[in-house]
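Keeping their order, the protein sequence lines are chains S and H.
With my numbering as the guide, the letters of the first sequence map in order to residues 1 to 110.
With my numbering as the guide, the letters of the second sequence map in order to residues 111 to 227.
Read the hints as simulated data drawn from the structure, not as lab findings.
Any given hint could turn out to be false.
Here's a subset of chain S near chain H, in silico, CB distances under 8 Å, partners left out [stated by the list, open to error]:
#1 Lys15
#2 Leu44
#3 Thr90
#4 Ile97
#5 Pro98
#6 Gly103
Away from chain H, derived, C-beta distances all over 10 Å, residues of chain S [what the hints assert, rightly or not]:
#7 Phe14
#8 Glu20
#9 Arg49
Computed from a prediction, not measured in an experiment: that's the story for all the values here.
Each residue gets a CB set at the ideal place from its N, CA and C atoms; glycine is no exception.
For reference, the chains in residue letters:
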Amino acid sequence: AQRVTQPEKLLSVFKGAPVELKCNYSYSGSPELFWYVQYSRQRLQLLLRHISRESIKGFTADLNKGETSFHLKKPFAQEEDSAMYYCALTASGGSYIPTFGRGTSLIVHP
Amino acid sequence: DAGVIQSPRHEVTEMGQEVTLRCKPISGHDYLFWYRQTMMRGLELLIYFNNNVPIDDSGMPEDRFSAKMPNASFSTLKIQPSEPRDSAVYFCASSLTGGTLAGTEAFFGQGTRLTVV
Chain S
1 AQRVTQPEKL
11 LSVFKGAPVE
21 LKCNYSYSGS
31 PELFWYVQYS
41 RQRLQLLLRH
51 ISRESIKGFT
61 ADLNKGETSF
71 HLKKPFAQEE
81 DSAMYYCALT
91 ASGGSYIPTF
101 GRGTSLIVHP
Chain H
111 DAGVIQSPRH
121 EVTEMGQEVT
131 LRCKPISGHD
141 YLFWYRQTMM
151 RGLELLIYFN
161 NNVPIDDSGM
171 PEDRFSAKMP
181 NASFSTLKIQ
191 PSEPRDSAVY
201 FCASSLTGGT
211 LAGTEAFFGQ
221 GTRLTVV
């Protein structure tokens, strides 16, 4: 079974501070990991995926298979980053059903 | 494509009434998902379809919930009878699978905010 854990329900930082949203997963095979973002009262949208190794809006995430983690990082938070962030896992080469973590609410204060 | 379209955006109903939520997936997508979002539980997968066929409905909380996908461009989630604890935001999402090397992204609708009083 695949499982995604986001240990923090809420993360509160000041503008300009570094941000790290934690995500751990459990899956016996080779996973595909994603971060989705949901701004206030909007739909969830893909932020980034591990396979692309990209930086989006200053955010990066590295898949660490040894620690089974896919933490989302940004060196300097902006107020517009305030949103709900969901980590998700899809089983590579098999079921394409995304399993989501419970989400972390990021609040960036001015 | 306008993306995944859900209707209504908001629904307020009285306990015991039937509620029907609607979803139009992105054309050509072969998977459709229904999720429920609450503060307590986050995003829960209720049911998903592959090529219009229900594959796994183990996430459907009770027999009061049912979902159908009569064709590739339409799906419904029905709650009958509705209860106050069903109040949540219900999301529909679709994805295109098979052969992609870039990771399978799920595209979400705007959601339906359901309030049962």
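query: Which of the stated hints cannot be reconciled with the structure, identified by number in ascending sequence?
result: Those not satisfied are hints 1, 9.
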